[in-house]
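Asker: Here is how the chains run, residue by residue.
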Amino acid sequence: MVLSAADKTNVKGIFAKIGGQADAYGAEALERMFIAHPPTKTYFPHFDMAKGSAQIKAHGKKVAAALVEAANHIDDIAGALSKLSDLHAQKLRVDPVNFKLLGHCFLVVVAAHNPAALTPEVHASLDKFLCAVGNVLTAKYR
Amino acid sequence: MVNWSAEEKQLITSIWGKVSVEECGAEALARLLIVYPWTQRFFDNFGNLSSPTAIVGNPKVRAHGKKVLTSFGEAIKNLDNLKGTYSKLSELHCDRLHVDPENFRLLGDILVIVLAAHFGKDFSPACQATWQKLVGVVAHALAHKYH
Chain H
1 MVLSAADKTN VKGIFAKIGG QADAYGAEAL ERMFIAHPPT KTYFPHFDMA
51 KGSAQIKAHG KKVAAALVEA ANHIDDIAGA LSKLSDLHAQ KLRVDPVNFK
101 LLGHCFLVVV AAHNPAALTP EVHASLDKFL CAVGNVLTAK YR
Chain V
1 MVNWSAEEKQ LITSIWGKVS VEECGAEALA RLLIVYPWTQ RFFDNFGNLS
51 SPTAIVGNPK VRAHGKKVLT SFGEAIKNLD NLKGTYSKLS ELHCDRLHVD
101 PENFRLLGDI LVIVLAAHFG KDFSPACQAT WQKLVGVVAH ALAHKYH
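Protein sequences, first through last, are from chains H and V. According to my numbering, the first sequence is numbered sequentially starting from 1. According to my numbering, the second sequence is numbered sequentially starting from 1.
Keep in mind that the hints were calculated from the coordinates and are not lab data. Small disclaimer: the values here were computed from a predicted structure and weren't measured.
Result set (PhoX-like, lysine-lysine): computed pairs, CA atoms no more than 20 Å apart in a straight line: (1) V:Lys133 to H:Lys41; (2) H:Lys61 to H:Lys17; (3) H:Lys140 to H:Lys83; (4) H:Lys91 to H:Lys62; (5) V:Lys67 to V:Lys18; (6) H:Lys8 to H:Lys128; (7) H:Lys128 to H:Lys17; (8) H:Lys17 to V:Lys121; (9) V:Lys121 to H:Lys57; (10) V:Lys77 to V:Lys18; (11) H:Lys128 to H:Lys12; (12) H:Lys100 to V:Lys133; (13) V:Lys83 to V:Lys9; (14) V:Lys121 to H:Lys51; (15) H:Lys140 to H:Lys100.
So here's chain H without its partners, still in its complex pose (with noise of 0.2 Å):
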């Protein structure tokens, strides 16, 4: 799966759009991903989940601060990423299959708050980019 110059373009487009609000995007995935997936709660035992808990905002900004990243440099993703990726396969170890559930639950709360502006093709882009970080995170777990 290669990103092409379209995809980057449609994805630093969507983000420029998303603006100010990723923080409360970020926290809104892991809200629904938490609700719509139960057993994503299972790397969160120390969480507070009620709606608007401190520590959902504060993740969700952790989260949306490396997709930011992500995006910034998306020409170079395991470059900017290389550190969480080295987190995330050592410390954290989350099964894979949840990057692809919160990376679903982010394109909901983009397709929420900006349904105009997710075309097809963005829609396609951002999908795209985001199993391209899920790829990169999980890159060196074994």
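Given chain H, work out where chain V should sit, using these hints.
Answerer: Here is chain V on its own, set in the frame of chain H:
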């Protein structure tokens, strides 16, 4: 047997009541073919699928999307007997159409995204969870007769 709470049934029917089966079906199928281009393998006789614009405007895609989502509506009317409802369709998809059931899961997730785009805030996390469950059991029912 899948259990549906009263709340889940309400979340399903309240959304479904406002869905244009023709529009949503067309959009979901078009996005499936665009976002996961390998799914085009099942539609060699659909004519021009050469670009997102071609796919979105393709009348066969629209018609088939409507057909697929109409069938989904049947599932919603028969939530307590999905396997029975989809028994013949399952055999068809296995024996004649040779569709990998993974494609049902892909289409289900696309449908969730299309609903989110249409309903915005009204497509709450609880709503999404219910619909993820629904598309999951529909996919499972469609795969049930595979052998």
